[in-house]
Amino acid sequence: DTGVSQNPRHKITKRGQNVTFRCDPISEHNRLYWYRQTLGQGPEFLTYFQNEAQLEKSRLLSDRFSAERPKGSFSTLEIQRTEQGDSAMYLCASSLGTAIYGYTFGSGTRLTVV
Amino acid sequence: GQQLNQSPQSMFIQEGEDVSMNCTSSSIFNTWLWYKQDPGEGPVLLIALYKAGELTSNGRLTAQFGITRKDSFLNISASIPSDVGIYFCAGREETSGSRLTFGEGTQLTVNP
Numbered sequence: 015d016t017g018v019s020q021n022p023r024h025k026i027t028k029r030g031q032n033v034t035f036r037c038d039p040i041s042e043h044n045r046l047y048w049y050r051q052t053l054g055q056g057p058e059f060l061t062y063f064q065n066e067a068q069l070e071k072s073r074l075l076s077d078r079f080s081a082e083r084p085k086g087s088f089s090t091l092e093i094q095r096t097e098q099g100d101s102a103m104y105l106c107a108s109s110l111g112t113a114i115y116g117y118t119f120g121s122g123t124r125l126t127v128v
Numbered sequence: 435g436q437q438l439n440q441s442p443q444s445m446f447i448q449e450g451e452d453v454s455m456n457c458t459s460s461s462i463f464n465t466w467l468w469y470k471q472d473p474g475e476g477p478v479l480l481i482a483l484y485k486a487g488e489l490t491s492n493g494r495l496t497a498q499f500g501i502t503r504k505d506s507f508l509n510i511s512a513s514i515p516s517d518v519g520i521y522f523c524a525g526r527e528e529t530s531g532s533r534l535t536f537g538e539g540t541q542l543t544v545n546p
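These protein sequence lines are chains V and U, in that order.
Its first residue numbered 15, the first sequence is counted upward by one per residue in this note's numbering.
Its first residue numbered 435, the second sequence is counted upward by one per residue in this note's numbering.
Just so you know, the hints here were simulated from the structure itself, not pulled from any lab data.
Treat each hint with caution, since some may be false.
Subject to a maximum C-alpha distance of 20 Å in a straight line, what follows is the list of computed SDA-like cross-link-like pairs (lysine to any residue) [to be verified]: (1) 71(V) with 443(U); (2) 504(U) with 114(V); (3) 71(V) with 458(U); (4) 485(U) with 112(V); (5) 25(V) with 504(U); (6) 504(U) with 475(U); (7) 71(V) with 528(U); (8) 71(V) with 504(U); (9) 71(V) with 437(U).
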């Protein structure tokens, strides 16, 4: 296992289009997190899963955003009707249990909405 | 929402110099973490702190969990060019479960 894997690494889309990102966590990790990072800022929490259950969603996660983790393994983050303000790095992380020792992050998906 | 104030925003130093950066919060945290992020990559955990007053080292890096539980600092001694990157503090409140709040980062540049 080489860590948390995210695909694609880069995505350019036109405003109004839908996009979907995938995250494959470390295999034995039961918790999976999505964060968003804009230029010059730290990561901001979006949502997290314990196994297949989505336990918490940030107010940043508007109705256009949806995340799933159907079998408690990989997760997808979909953004519908993208806006230019959605341009950011979307980071996925995973942990075993409550993340008391911190998360392991993936390399992120860089989204550019034109 | 919760804000972490991280300073300085950027630092330009010569190789061999020591570096110090810090974070303060408006809330009490039960965990402080320090991450480093290279361009185009996700953050990588450097040091984790769990108790007020705790001082922990990882090679040339030393971090402390403030006594008030509202601050933390990171020191890097004898900097080298590969220390270049963005350093983030992150904290976890007692009531926030696994959710971390990140600072805005300190951009470190090391001149050889």
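We went through each hint and held it up to the structure:
1. 71(V) with 443(U): Violated, at roughly 29 Å.
2. 504(U) with 114(V): 18 Å, holds
3. 71(V) with 458(U): At roughly 25 Å apart (the allowed maximum being 20 Å), residue 458(U) and residue 71(V) break the hint.
4. 485(U) with 112(V): 17 Å, holds
5. 25(V) with 504(U): 38 Å, violated
6. 504(U) with 475(U): Roughly 28 Å between the alpha carbons, so the hint for residue 504(U) and residue 475(U) is violated.
7. 71(V) with 528(U): 17 Å, holds
8. 71(V) with 504(U): The given pair, whose Cα atoms are some 25 Å apart, is violated under the 20 Å limit.
9. 71(V) with 437(U): Cα-Cα ~18 Å, so holds.
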